[in-house]
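Let's have the full structure, built from the sequences with the hints guiding it.
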Amino acid sequence: MASRRLLALVKKESLQILRDPSAMLIAFVLPVLLLFLFAYAVSLDIRQLHLGVVLQTDSAQARSLAAEFAGTPYFRVRPARDRREVEPLLVRGELKGYVLIPADFDRRLARGEPLVQVVTDGTQPNTASFVAGYARGVLSSWLAERGLSVPVMLVPRFWFNPEVETRRFLVPGAIAIIMTMIGTLLTALVVAREWERGTMEALLSTPARIPEILLGKLLPYFALGLVATLGSTLLAIHVFDVPLRGSWSTLLLVSACFLVPALGQGLVISALARNQFIAAQAALFSGFLPAFLLSGFLFEIDAMPAPIRWLTLIVPARYFIESLHSVFLVGDVWPLLLRDMLAMLAIGAVMFALARARTRKSLEP
Amino acid sequence: MTAIVLDDVHKRFGQARALRGISARIAAGRLTGLVGPDGAGKTTLIRLMAGLLTPDQGQLRVAGLDPVQDSEVLAESVGYMPQRFGLYEDLTVQENLHLYAELRGVAKADYRATLDRLLAFTRLEPFTDRLAGRLSGGMKQKLGLACALITSPKVLLLDEPGVGVDPVSRQDLWRMVQALTGEGMAVVWATAYLEEAEQCEEVLLMNEGRLHFSGRPEALTERLRHRCFRLASAGDKRALLAQVLARPDVRDATIQGECVRVVLAEGTTGAGAALASLGEVSAAPPRFEDAFIDLLGGGPGGHSPLADRMPAVTTRGDRVSCRHLTRRFGDFVAADDVSFTVRPGEIMGLLGPNGAGKSTTFKMLCGLLKPSSGEARVAGVDLRHGASDAKLRLGYMAQKFSLYGLLSVRQNLSFYAGVYGLRGREKRARIREMIEGFQLEPLLDSAPDQLSLGFKQRLALACALMHRPPILFLDEPTSGVDPITRREFWTHINGLVSKGVTVLVTTHFMDEAEYCDRVALMYRGRVIALDTPDALKARAGQGASMEQAFIHLIEAQAHG
Numbered sequence: 001m002a003s004r005r006l007l008a009l010v011k012k013e014s015l016q017i018l019r020d021p022s023a024m025l026i027a028f029v030l031p032v033l034l035l036f037l038f039a040y041a042v043s044l045d046i047r048q049l050h051l052g053v054v055l056q057t058d059s060a061q062a063r064s065l066a067a068e069f070a071g072t073p074y075f076r077v078r079p080a081r082d083r084r085e086v087e088p089l090l091v092r093g094e095l096k097g098y099v100l101i102p103a104d105f106d107r108r109l110a111r112g113e114p115l116v117q118v119v120t121d122g123t124q125p126n127t128a129s130f131v132a133g134y135a136r137g138v139l140s141s142w143l144a145e146r147g148l149s150v151p152v153m154l155v156p157r158f159w160f161n162p163e164v165e166t167r168r169f170l171v172p173g174a175i176a177i178i179m180t181m182i183g184t185l186l187t188a189l190v191v192a193r194e195w196e197r198g199t200m201e202a203l204l205s206t207p208a209r210i211p212e213i214l215l216g217k218l219l220p221y222f223a224l225g226l227v228a229t230l231g232s233t234l235l236a237i238h239v240f241d242v243p244l245r246g247s248w249s250t251l252l253l254v255s256a257c258f259l260v261p262a263l264g265q266g267l268v269i270s271a272l273a274r275n276q277f278i279a280a281q282a283a284l285f286s287g288f289l290p291a292f293l294l295s296g297f298l299f300e301i302d303a304m305p306a307p308i309r310w311l312t313l314i315v316p317a318r319y320f321i322e323s324l325h326s327v328f329l330v331g332d333v334w335p336l337l338l339r340d341m342l343a344m345l346a347i348g349a350v351m352f353a354l355a356r357a358r359t360r361k362s363l364e365p
Numbered sequence: 001m002t003a004i005v006l007d008d009v010h011k012r013f014g015q016a017r018a019l020r021g022i023s024a025r026i027a028a029g030r031l032t033g034l035v036g037p038d039g040a041g042k043t044t045l046i047r048l049m050a051g052l053l054t055p056d057q058g059q060l061r062v063a064g065l066d067p068v069q070d071s072e073v074l075a076e077s078v079g080y081m082p083q084r085f086g087l088y089e090d091l092t093v094q095e096n097l098h099l100y101a102e103l104r105g106v107a108k109a110d111y112r113a114t115l116d117r118l119l120a121f122t123r124l125e126p127f128t129d130r131l132a133g134r135l136s137g138g139m140k141q142k143l144g145l146a147c148a149l150i151t152s153p154k155v156l157l158l159d160e161p162g163v164g165v166d167p168v169s170r171q172d173l174w175r176m177v178q179a180l181t182g183e184g185m186a187v188v189w190a191t192a193y194l195e196e197a198e199q200c201e202e203v204l205l206m207n208e209g210r211l212h213f214s215g216r217p218e219a220l221t222e223r224l225r226h227r228c229f230r231l232a233s234a235g236d237k238r239a240l241l242a243q244v245l246a247r248p249d250v251r252d253a254t255i256q257g258e259c260v261r262v263v264l265a266e267g268t269t270g271a272g273a274a275l276a277s278l279g280e281v282s283a284a285p286p287r288f289e290d291a292f293i294d295l296l297g298g299g300p301g302g303h304s305p306l307a308d309r310m311p312a313v314t315t316r317g318d319r320v321s322c323r324h325l326t327r328r329f330g331d332f333v334a335a336d337d338v339s340f341t342v343r344p345g346e347i348m349g350l351l352g353p354n355g356a357g358k359s360t361t362f363k364m365l366c367g368l369l370k371p372s373s374g375e376a377r378v379a380g381v382d383l384r385h386g387a388s389d390a391k392l393r394l395g396y397m398a399q400k401f402s403l404y405g406l407l408s409v410r411q412n413l414s415f416y417a418g419v420y421g422l423r424g425r426e427k428r429a430r431i432r433e434m435i436e437g438f439q440l441e442p443l444l445d446s447a448p449d450q451l452s453l454g455f456k457q458r459l460a461l462a463c464a465l466m467h468r469p470p471i472l473f474l475d476e477p478t479s480g481v482d483p484i485t486r487r488e489f490w491t492h493i494n495g496l497v498s499k500g501v502t503v504l505v506t507t508h509f510m511d512e513a514e515y516c517d518r519v520a521l522m523y524r525g526r527v528i529a530l531d532t533p534d535a536l537k538a539r540a541g542q543g544a545s546m547e548q549a550f551i552h553l554i555e556a557q558a559h560g
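Taken in order, these protein sequences are the chains called E and Y.
Going letter by letter, the first sequence gives residues 1 to 365 in full-length UniProt numbering.
Going letter by letter, the second sequence gives residues 1 to 560 in full-length UniProt numbering.
Calculated from the structure, these hints are not laboratory results.
No incorrect hints appear here.
Okay, the calculated bits of chain Y under chain E, using three or more residues with CB under 8 Å as the criterion:
| # | segment |
| --- | --- |
| 1 | 52-63 |
| 2 | 83-91 |
Chain Y is nowhere near these chain E residues, computed Cβ spacing over 10 Å in every case:
| # | residue |
| --- | --- |
| 3 | G122 |
| 4 | G231 |
| 5 | A273 |
| 6 | A280 |
| 7 | A346 |
Glycine included, C-beta positions come from ideal geometry on N, C-alpha and C.
Here you go:
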């Protein structure tokens with residue numbers, strides 16, 4: 001390993017990154033877009049559900065309950081007097097459900113009989129259960145205010161993310177997706193580009209050795225990945241209000257550990273695919289999609305069938321996302337972080353060994 | 001002194017046998033041409049010498065080293081310029097040179113002097129801060145050469161350095177390389193241009209993985225002295241060519257401007273006298289290509305069974321015309337005020353280096369690109385209004401043949417027949433006609449990718465002719481193809497032209513221009529001259545080649 005050749009290669013690659021608009025696009029513009037997308041557009045929270053409230057009596061009690069529904073931020077209420085007014089709206093999907101406050105509401109209240117009927121759109125089970133749950137919540141708080149008997153109820157408390165805002169959960173995960181793009185996709189693309197443009201052939205005919213050529217590619221993208229992490233974290237904290245409960249240095253350390261398997265995977269792909277199209281496809285299928293679907297980013301790993309759960313064990317993004325959630329939302333939980341970092345480095349070592357074995361200093365197909 | 005020794009070198013890729021036992025010696029201080037058509041094995045051999053491939057069998061010694069085992073030491077004594085020059089387009093001239101200097105371990109103290117020497121040598125000093133991607137083809141080639149020369153290697157390997165580069169730059173490069181051999185360097189120059197072989201000191205002539213000749217080019221052409229003649233006649237030159245090729249004592253014949261060039265078979269008595277009945281005979285110097293054809297056993301016949309089956313074209317009027325045709329891409333003018341007319345039954349050539357505007361002009365004439373200004377008419381149809389109408393009246397054969405690699409030959413034919421709106425009985429009849437005309441019968445179920453270049457070319461021509469177009473557009477139809485396949489191809493084209501088909505052809509292959517009735521020379525977007533090949537050559541002086549004519553005209557343009 002000659003430091004002079006390595007330095008020359010690193011310098012060359014850095015100049016290319018700085019001059020290549022597509023690298024800058026993937027490293028800086030895409031992360032911002034993705035973060036905005038996951039922070040605002042893809043929200044798993046339910047807010048402003050359209051709900052019909054059918055008020056069949058004008059008693060003071062019934063009107064006050066209706067007002068309680070209208071007053072919560074979860075519902076946008078469409079008042080009605082008759083069930084027939086809201087049913088067509090529910091069928092058309094304009095309402096997610098409706099609450100019927102019956103004509104004999106006061107009598108039922110006095111007798112302790114069931115008070116209201118909640119009808120929801122069962123075609124969207126998630127939303128339906130949200131509507132039912134929230135409606136029940138509104139009703140019980142209304143009863144409690146009046147000192148009336150409340151049936152025994154489960155009061156959920158969410159730790160770490162008390163507002164149960166999915167944004168807090170999604171934004172750190174999005175950082176993992178971004179790092180996968182930079183580490184795997186960009187690396188695979190730039191090596192394939194050298195093959196396509198014939199510069200790899202020229203490089204191979206110089207005394208430069210394979211480890212030098214590989215490291216010369218990796219170091220600049222490693223730095224680029226860390227810079228992108230810093231940028232994304234700043235955005236997450238200051239724009240999306242995600243707390244950083246752990247420390248910056250831990251965050252960078254975890255990210256650095258993740259870049260090892262991500263870059264290694266990019267190299268393995270580029271050793272096998274010598275054109276950009278195939279490299280991009282392979283990076284998407286083997287890097288991006290698992291990071292999206294099998295990492296716990298969107299879908300909980302514990303809820304997956306066992307064989308898929310085992311599969312997630314070899315997805316480095318799984319460990320990275322777990323670590324990020326910990327650093328952002330909980331703090332530096334070292335036992336967990338150490339385990340995750342070790343797992344990432346182990347996968348990375350396998351990737352590098354594969355890349356080294358598959359890259360030869362020749363043009364043999 | 002011997003710089004490179006090749007001893008029974010074999011190399012195969014899967015089923016394909018790229019090299020089938022090459023043995024040769026390449027001397028130091030000489031320019032050795034590695035000459036042969038595409039697929040001859042030139043690139044494979046050069047990569048073996050550069051240590052980028054391992055031979056399956058046999059031995060190589062380059063500068064006294066084994067290229068694979070001693071690859072690290074080898075890199076110091078071998079300079080290699082790959083086909084696409086191996087430059088980083090987003091680095092400047094200086095940055096490219098610096099990178100290769102660092103990688104090849106040029107001593108820091110020597111770097112400045114080396115750089116100055118190479119910049120002066122390649123005359124790139126004024127462009128040191130320009131990005132390599134912004135250089136012209138000729139300048140890229142010089143920079144590629146400079147990068148390969150950075151350690152003053154003992155052996156310099158150049159893989160097709162002259163392809164598509166304008167003839168002035170090519171001439172420049174040639175001079176530079178000759179200067180290097182004067183310093184004792186062994187230079188290997190791979191090329192598909194057979195006329196380049198004549199300028200080399202030594203030649204290795206390859207075809208289909210075999211070495212056919214090794215030695216001085218004159219030694220090869222010498223065998224043909226007194227067998228080459230120029231035959232001039234007042235009549236139709238294409239009819240004359242067919243007549244000549246039908247004779248048993250003729251080894252090979254081609255059209256050269258207004259004459260027919262004839263190579264007689266060995267031992268023909270009476271020499272030129274035999275031809276005297278056909279026209280005016282004069283002796284001609286033998287060319288390297290003649291010798292190559294002779295080695296391969298002579299050219300093909302001059303009869304096109306396909307053209308026999310085609311009906312004569314009867315429509316009248318100019319077939320292709322354009323006036324003040326201009327196309328801009330941003331502030332770059334790709335085609336600048338191009339005007340010409342192609343008459344019925346004429347072969348018109350657009351000749352020029354890469355980037356001269358040939359393809360842009362061509363695409364506008366095919367209706368694939370809208371002109372920024374000016375007008376173009378094909379078969380009397382104004383392309384601004386009836387582009388799709390015009391497309392039905394022209395056949396187009398693209399450079400890369402546009403065949404579907406995953407469809408069989410039969411399916412390709414059927415697809416193109418369908419695209420041109422042929423159906424039922426007529427479709428079957430036309431497909432049959434193409435199969436018989438081009439002798440495709442035994443290949444019907446194979447995939448085009450497995451065919452040789454020559455068969456691919458036949459198939460592509462068959463697909464372009466399916467709808468019997470009166471006008472045929474050919475984009476670089478025979479560059480890199482071996483000379484026998486090229487002759488076969490032009491036999492079909494000549495046959496079609498004699499039936500009244502009009503042909504427009506683009507090429508950067510100076511030699512191909514000889515087949516044309518008239519040639520438009522294009523350079524930097526403009527037509528700098530338009531005339532018959534003979535008249536163009538005459539402008540550069542007695543006995544000038546097409547390439548010399550081009551250089552002469554470019555220089556006249558620059559000074560005028």
